[in-house]
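A.B. asks: Sequence:
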Amino acid sequence: MSFVQKRLLSQTVFLRSQVGSSPLYILPGVQISISALPIPRIIRKGRTSLNISQNIIVTGPKGKLSMEVPDFLELDRDEKHGKMNVVVQNSEDKHQRSMWGTVRSLINNHIIGVTEGHLAVLRFVGTGYRAQLENDGKFVNVKVGASIKQGLNVPEGIVVKSPAPTSLIVEGCDKQQVLLFAAKLRKFHPPEPYKGKGIYVNGETIKLKDKKIK
Numbered sequence: 001m002s003f004v005q006k007r008l009l010s011q012t013v014f015l016r017s018q019v020g021s022s023p024l025y026i027l028p029g030v031q032i033s034i035s036a037l038p039i040p041r042i043i044r045k046g047r048t049s050l051n052i053s054q055n056i057i058v059t060g061p062k063g064k065l066s067m068e069v070p071d072f073l074e075l076d077r078d079e080k081h082g083k084m085n086v087v088v089q090n091s092e093d094k095h096q097r098s099m100w101g102t103v104r105s106l107i108n109n110h111i112i113g114v115t116e117g118h119l120a121v122l123r124f125v126g127t128g129y130r131a132q133l134e135n136d137g138k139f140v141n142v143k144v145g146a147s148i149k150q151g152l153n154v155p156e157g158i159v160v161k162s163p164a165p166t167s168l169i170v171e172g173c174d175k176q177q178v179l180l181f182a183a184k185l186r187k188f189h190p191p192e193p194y195k196g197k198g199i200y201v202n203g204e205t206i207k208l209k210d211k212k213i214k
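Using the UniProt record's numbering, you'd call the opening residue of the sequence shown number 1 and step up by one each time.
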């Protein structure tokens, strides 16, 4: 590994540890618990292995989310000030430092998810590009162009709204699931670089190319 690569890696780990050590603010109506998994499992990452033995559950007005975490992570609560810190057993270990910030960010996303929810906004650009909700909002029918129709069932925990034929709003507690479903819809016709037609997600833009003239 070159000096530059080592420097970039150390900066990345430092930033992650900074994120990990930042306190989480527990909003009113939110409960966070951590418990042992009935059956722990081992995940191998290169020469090291992670013992996934704990489950964190975040509950709030909009629902409940859970995530499985390694054994070296703990939650340090400050009930008086409504704060909580994610703590690792050995902050000098690069793998623990790497997971530290990741887990802290995921818990924060879960807190937002069970209180406010997460959104993804899709725009359909192009003649004949539109979406329609069917089966009481449980199925999204996507039309791209003059005749091609495709669709997806809306997964549990996700709500889809259509304020206009050319736009969709995907809502849910779990940010990853919201973005994953939006990405699956986008796959029906990603934005193309010549006319700009396609399905755009969350303010996505593309740089148009000039057509080659033979």
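These aren't lab readings, by the way, just hints derived from the structure by calculation. Warning: the hint list may mix true and false statements.
[Said to hold, decoys possible] Here are the simulated lysine-lysine pairs, DSSO-like style, with alpha carbons at most 27 Å apart:
| hint | residue 1 | residue 2 |
| --- | --- | --- |
| 1 | K138 | K94 |
| 2 | K187 | K161 |
| 3 | K62 | K45 |
| 4 | K175 | K83 |
| 5 | K207 | K184 |
| 6 | K143 | K83 |
[Stated by the list, open to error] Per label pair, the in silico range of CB-to-CB distance:
| hint | residue 1 | residue 2 | range |
| --- | --- | --- | --- |
| 7 | I52 | K94 | 32 to 40 Å |
| 8 | Y194 | V87 | 30 to 38 Å |
| 9 | A164 | S21 | 40 to 48 Å |
| 10 | N135 | S33 | 16 to 24 Å |
| 11 | G157 | E79 | 45 to 53 Å |
| 12 | D136 | I52 | 49 to 57 Å |
| 13 | A36 | A164 | 44 to 52 Å |
| 14 | G157 | K187 | 14 to 22 Å |
| 15 | L180 | K149 | 18 to 26 Å |
| 16 | G157 | Y194 | 33 to 41 Å |
| 17 | S66 | K138 | 46 to 54 Å |
| 18 | P193 | A36 | 48 to 56 Å |
A virtual CB, placed ideally from N, CA and C, is assigned to each residue, including glycine.
A.B. asks: A separate judgement is required for each hint: does it hold in the structure or not?
C.D. replies: Consistency of the hints with the structure:
no., hint, verdict
1, K138 to K94, "violated (44 Å)"
2, K187 to K161, "holds (19 Å)"
3, K62 to K45, "violated (34 Å)"
4, K175 to K83, "holds (22 Å)"
5, K207 to K184, "holds (22 Å)"
6, K143 to K83, "violated (47 Å)"
7, I52 to K94: 32 to 40 Å, "violated (18 Å)"
8, Y194 to V87: 30 to 38 Å, "violated (52 Å)"
9, A164 to S21: 40 to 48 Å, "holds (44 Å)"
10, N135 to S33: 16 to 24 Å, "violated (36 Å)"
11, G157 to E79: 45 to 53 Å, "violated (29 Å)"
12, D136 to I52: 49 to 57 Å, "violated (37 Å)"
13, A36 to A164: 44 to 52 Å, "holds (48 Å)"
14, G157 to K187: 14 to 22 Å, "holds (20 Å)"
15, L180 to K149: 18 to 26 Å, "holds (22 Å)"
16, G157 to Y194: 33 to 41 Å, "holds (37 Å)"
17, S66 to K138: 46 to 54 Å, "violated (24 Å)"
18, P193 to A36: 48 to 56 Å, "holds (51 Å)"
Checked against the numbered hints above, the structure breaks hints 1, 3, 6, 7, 8, 10, 11, 12 and 17 and satisfies the rest.
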